[in-house]
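Asker: Residues per chain, in single letters:
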Amino acid sequence: MNLWLKRIRPDSNALSQNLIILIMTLVLTVTILLPLGELAIKAVSNPDGQFIGLANFAKYFSTPALVTSLWNSIKVSSITTVIAVTLGFGFAFALERSAIRGKSFFRAVGLLPLFAPSMLHGLALIYLFGNQGLISTGFFGRFPEVRIDLYGPIGIIMSEVLYTFPQAFLMLSVALMSSDYRLYEAAETLGASKWRKFWTVTIPGTKFAILSSIFVCFVMSFTDFGAPKVVGGQYNVLATDLFKQVIGQQNMQMGAAVGVLLLIPAVLSFVIDRIAQRKQNGFLSAKSSPYRIEANKLRDGMLFLLCLVLSVAILCIILVAIYGSLVKVWPYNLEISLSNYDFSNFASQGSNPFVNSLVISLCTAVIGTIVTFLFAYLIEKSRGYRILRASAYLLSMLPLALPGLVLGLVYVFFFNNPNQPLNGLYGTIWIVIICNIVHFYSVSFLTMTSSLKKLDSEFEAASESMNVPWYRTLLRVTVPMSFPAILEIALYFFINSMVTVSAIIFLYTPDLKPASVAIVNMEDSGDIAPAAAMSVLIILTNLIVRVVVMGVTKPLRRRTEALLVRKQL
Amino acid sequence: MNQGYLSVRNLSKRFGKQAALQEIELDINKHEFICLLGPSGCGKTTLLRIIAGLEKADQGQLTIAGRDITREPAGKRNFGMMFQSYALFPNLTVAENIAYGLSNRLSKSQIADRVDELLGLVELDEQRNKVPSQLSGGQQQRVALARALALSPDCLLLDEPLSALDAKVRIKLRREILRLHEKFGMTTIMVTHDQEEALTMADRIVVMNQARIIQIGTPKEVYEKPNCPFVADFIGAISFIETEKQESALLAIRPEHVQLVRGDQDKSNRAIVRDYEYHGAYYRVLVQLLDSQDHPMQQFVTIDLPSQTMANFNVKKNQKLMFNLPPEHVIRFDSTASIAVG
Ligand SMILES: Nc1ncnc2c1ncn2[C@@H]1O[C@H](COP(=O)(O)OP(=O)(O)OP(=O)(O)O)[C@@H](O)[C@H]1O
Ligand SMILES: [Mg+2]
Numbered sequence: 001m002n003l004w005l006k007r008i009r010p011d012s013n014a015l016s017q018n019l020i021i022l023i024m025t026l027v028l029t030v031t032i033l034l035p036l037g038e039l040a041i042k043a044v045s046n047p048d049g050q051f052i053g054l055a056n057f058a059k060y061f062s063t064p065a066l067v068t069s070l071w072n073s074i075k076v077s078s079i080t081t082v083i084a085v086t087l088g089f090g091f092a093f094a095l096e097r098s099a100i101r102g103k104s105f106f107r108a109v110g111l112l113p114l115f116a117p118s119m120l121h122g123l124a125l126i127y128l129f130g131n132q133g134l135i136s137t138g139f140f141g142r143f144p145e146v147r148i149d150l151y152g153p154i155g156i157i158m159s160e161v162l163y164t165f166p167q168a169f170l171m172l173s174v175a176l177m178s179s180d181y182r183l184y185e186a187a188e189t190l191g192a193s194k195w196r197k198f199w200t201v202t203i204p205g206t207k208f209a210i211l212s213s214i215f216v217c218f219v220m221s222f223t224d225f226g227a228p229k230v231v232g233g234q235y236n237v238l239a240t241d242l243f244k245q246v247i248g249q250q251n252m253q254m255g256a257a258v259g260v261l262l263l264i265p266a267v268l269s270f271v272i273d274r275i276a277q278r279k280q281n282g283f284l285s286a287k288s289s290p291y292r293i294e295a296n297k298l299r300d301g302m303l304f305l306l307c308l309v310l311s312v313a314i315l316c317i318i319l320v321a322i323y324g325s326l327v328k329v330w331p332y333n334l335e336i337s338l339s340n341y342d343f344s345n346f347a348s349q350g351s352n353p354f355v356n357s358l359v360i361s362l363c364t365a366v367i368g369t370i371v372t373f374l375f376a377y378l379i380e381k382s383r384g385y386r387i388l389r390a391s392a393y394l395l396s397m398l399p400l401a402l403p404g405l406v407l408g409l410v411y412v413f414f415f416n417n418p419n420q421p422l423n424g425l426y427g428t429i430w431i432v433i434i435c436n437i438v439h440f441y442s443v444s445f446l447t448m449t450s451s452l453k454k455l456d457s458e459f460e461a462a463s464e465s466m467n468v469p470w471y472r473t474l475l476r477v478t479v480p481m482s483f484p485a486i487l488e489i490a491l492y493f494f495i496n497s498m499v500t501v502s503a504i505i506f507l508y509t510p511d512l513k514p515a516s517v518a519i520v521n522m523e524d525s526g527d528i529a530p531a532a533a534m535s536v537l538i539i540l541t542n543l544i545v546r547v548v549v550m551g552v553t554k555p556l557r558r559r560t561e562a563l564l565v566r567k568q569l
Numbered sequence: 001m002n003q004g005y006l007s008v009r010n011l012s013k014r015f016g017k018q019a020a021l022q023e024i025e026l027d028i029n030k031h032e033f034i035c036l037l038g039p040s041g042c043g044k045t046t047l048l049r050i051i052a053g054l055e056k057a058d059q060g061q062l063t064i065a066g067r068d069i070t071r072e073p074a075g076k077r078n079f080g081m082m083f084q085s086y087a088l089f090p091n092l093t094v095a096e097n098i099a100y101g102l103s104n105r106l107s108k109s110q111i112a113d114r115v116d117e118l119l120g121l122v123e124l125d126e127q128r129n130k131v132p133s134q135l136s137g138g139q140q141q142r143v144a145l146a147r148a149l150a151l152s153p154d155c156l157l158l159d160e161p162l163s164a165l166d167a168k169v170r171i172k173l174r175r176e177i178l179r180l181h182e183k184f185g186m187t188t189i190m191v192t193h194d195q196e197e198a199l200t201m202a203d204r205i206v207v208m209n210q211a212r213i214i215q216i217g218t219p220k221e222v223y224e225k226p227n228c229p230f231v232a233d234f235i236g237a238i239s240f241i242e243t244e245k246q247e248s249a250l251l252a253i254r255p256e257h258v259q260l261v262r263g264d265q266d267k268s269n270r271a272i273v274r275d276y277e278y279h280g281a282y283y284r285v286l287v288q289l290l291d292s293q294d295h296p297m298q299q300f301v302t303i304d305l306p307s308q309t310m311a312n313f314n315v316k317k318n319q320k321l322m323f324n325l326p327p328e329h330v331i332r333f334d335s336t337a338s339i340a341v342g
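Protein chains in written order, with the UniProt record's numbering: chain A, 1 to 569; chain B, 1 to 342.
Among these hints, one or two may not hold up.
Derived DEER-like restraints, expressed as beta-carbon distance ranges [to be verified]:
| hint | chain 1 | residue 1 | chain 2 | residue 2 | range |
| --- | --- | --- | --- | --- | --- |
| 1 | A | P484 | B | K130 | 15 to 25 Å |
| 2 | B | S133 | A | N417 | 28 to 38 Å |
| 3 | B | N29 | A | V549 | 51 to 61 Å |
| 4 | B | N104 | A | L556 | 46 to 56 Å |
| 5 | B | S12 | A | W199 | 55 to 65 Å |
Coverage of chain A stretches by chain B, computed from C-beta distances (three or more under 8 Å per stretch; other residues unrestricted) [said to hold, decoys possible]:
| hint | segment |
| --- | --- |
| 6 | 181 to 192 |
| 7 | 459 to 467 |
| 8 | 553 to 563 |
Quick list of in silico lysine-lysine cross-link-like pairs, BS3-like style, CA-CA up to 25 Å [claimed, not checked]:
| hint | chain 1 | residue 1 | chain 2 | residue 2 |
| --- | --- | --- | --- | --- |
| 9 | B | K17 | A | K454 |
| 10 | B | K320 | A | K381 |
| 11 | A | K381 | B | K168 |
These aren't lab readings, by the way, just hints derived from the structure by calculation. Bear in mind that the values here come from a model prediction, so they are computed numbers and not experimental data. All residues carry an ideal CB built from backbone N, CA and C; glycine is no exception.
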């Protein structure tokens, strides 16, 4: 980079930086803003591209089958949200506000579903409650049969709860972690009972987090594609409709209308979350004192039980998926073998989906991390083009409001258009990588920005006054000091690219099919066991990558964090 | 006024609606030590950053030795800047921090020599391989100073270099900064909001308030002949007295200049002691003035009394006493402009 920048204009700090700011704004516009515009246009036009107002929506709402799926989606997502947020709150409360044992074990298990593709939960549920499931058949006749109507709302809800629970748990535990103990002491001196303290201090203190976790869980299940695909049966929801409209019937206009409907709760959630962030920050002051846990046997006993039940459930799901993937022919031949892991029989179109996913995820992680770091750096630390940087910041937040399914859809609209100069990207592996980067960009961007904010804002001014070019300080100081955050976002990009299916299901190329898409295809054609095997491979890879990377870099991360310690004083 | 070595002409800067600097005129001589003094938010840092080239002025001109540098980028000005937060690079050692700006200009061995020299100057030889988080506040400050000096700057710009340090270290480093200033023969501009620091260190003090320069003068001038009540009040302690005799004139006197007297002299002021504080070397006494009928007026004067005088006059609370205001020490302001300190 050094040489290249020097050639543009020797030692002109501002110019080279401003040029990159311009490029950045352009990239964000092309990958985020314009595709979204395309969605808006498609939703209000007919196949010939003429403006027809809200006719697509009118048609949608006059098609009984489609309206039914809208209601189904709302019903299923609401129930999921109530269950997931309640359980997430209990779990988070147990870990942050009680003295139970085994907290780190529970935390690890609670976050485990984040490492698995959402189809894994559905597949495991089939092994448990499906027609030939372990529990439905009473462990193959050894116990009484327990049959539930898995295929339909029940299965979807169970699977969505598993999918959304870790998110709710994470958000709520952050809120419960950062509370002001002085409020509890004040309530105590006023003679408030334990329940009164819970309702008057704990709940108001976390209400914004609760509100925003409600929205996040709702949106996640409202827009999830994996679970209804696997255990939905004949029960149609909005997400599967969208897939059928676009891929099945090539009805782009109706697809766009459904996409807009999917976008509504997501945008609402985005707005609520932004407000909540601001309010939550105001709630804490520098003088806040950390929470002190009082002894309470009954509370701890009950919370321990809750954590135990939830952890056992999560572990069961994953273990059952592993068991199912190892059994030769369920339920007739229960011999253990690795035959299901030989994917050459199933996803036969050339390349191995697992390898494809590895390549895609690695590229996403590397390119995504570099881009995210650079953008966050320019927006946070440079001084040129104030207005451009402010708009780039807004654009960087936008993907937070974009469910994967909608993102995939708008990418099809935008790039699958022969008149598009970037049309060449469509049908290559690059569109999948770009889509993944955009999909997971906002969260990484926020992580990176808050890490950069911890560095002294005068570093850039100091190097400028010493006539040292900005990119040298970037490489010598800012990058090494941001190493822990860089690693974190790289892992985030990698893990999420391994598990995601919603966006790329519209975009993948048949000869470079990613593993998560292969799971959906195999399940579709009844190959449950190989689908489970692929899911297990993904979760194992993610766990191994995370453990190894974090283990190897531990000394380096420790050292970097130690360098920053004094600055807080 | 003839133009100084470094000269600021008609400089203004706003941040949105807020004026950070208005019509700043300033001339600084070569080798001078200037302190920018003023209350928080008055624009000191902004002025310093504009001089350094890290901030662009909205209007105005900046020249050094007659050369216009208004548009010159910071790196070309050859000014050394030391930041309030020090802005030391946390992952680089002391030696690497000091060498940071040198690497493009000198050869490896020249850099090593220069770093050795600077480390010696700020007495940090032992610490050369430590990183900033392993240093005390005072040591970090000296590294920052050495880094700012590394390029042998024409001008050294310091933004509240001592404010983060405790009192003892501060006094030691004041001397150190002065020593380096003399040794390098630089022109130094230092921002501070500590008036004592400004009085002891500066050749001339530039007092600022609300985005404007209020007074420029030697420490003695601004202390003894403040040009407005604000400066008088901001630097040192002072009492304001409104007189009935001369209308619309405001008199002021420093507490150490008030003279206690005995006996009933006609010209003396009469007052009653309301409170006093022990300050070690002296007592600071707050008295309320009495009118000719011995009724207390809404006028207060502070008086500094050495412990000895305190005992001689047997000063106690609610005791009456008399004092004179030596005319040569009375400061007179013609208009009763605002005496509030921003
Ligand atoms: N980047 C900025 N954006 C907006 N306003 C600013 C900016 N920098 C400074 N200001 C405003 O300009 C005014 C002058 O600020 P400046 O930092 O120069 O004050 P100061 O005299 O250095 O104060 P202090 O003694 O507290 O450091 C302040 O009111 C401040 O809020
Ligand atoms: Mg300042």
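Asker: Per the hint of 46 to 56 Å, is the separation of the Cβ atoms of N104 of chain B and L556 of chain A within bounds?
Answerer: Because 28 Å falls outside the window, the suggested range is violated.
Asker: Taking a Cβ-Cβ distance under 8 Å as contact, does the segment 181 to 192 of chain A have three or more residues in contact with chain B?
Answerer: It is violated: at least three residues are needed, and the segment 181 to 192 of chain A offers just 0 whose Cβ sits closer than 8 Å to chain B.
Asker: Against the range 15 to 25 Å, how does the distance between the Cβ atoms of P484 of chain A and K130 of chain B compare: consistent or not?
Answerer: 22 Å, holds
Asker: Is it true that the C-beta distance of S12 of chain B to W199 of chain A lies inside 55 to 65 Å, as the hint says?
Answerer: Given a distance of about 56 Å, which is inside 55 to 65 Å, the answer is holds.
Asker: Within 51 to 61 Å: is that where the Cβ-Cβ distance between N29 of chain B and V549 of chain A falls?
Answerer: 60 Å, holds
Asker: Holds or violated: are the alpha carbons of K381 of chain A and K168 of chain B at most 25 Å from each other?
Answerer: 35 Å, violated
Asker: Three residues minimum, CB to CB under 8 Å: does the segment 459 to 467 of chain A make the cut for coverage by chain B? Let me know.
Answerer: holds (count 8)
Asker: In terms of beta carbon proximity below 8 Å, does the segment 553 to 563 of chain A have 3 or more residues touching chain B?
Answerer: holds (count 3)
Asker: Would you say the C-beta atoms of S133 of chain B and N417 of chain A sit inside 28 to 38 Å of each other?
Answerer: 54 Å, violated
Asker: Within a Cα-Cα threshold of 25 Å, do K320 of chain B and K381 of chain A meet the stated pairing?
Answerer: 63 Å, violated
Asker: Does the alpha-carbon distance linking K17 of chain B and K454 of chain A stay inside the 25 Å limit?
Answerer: 28 Å, violated
The structure does not agree with the numbered hints 2, 4, 6, 9, 10 and 11 stated previously, though it agrees with the rest.
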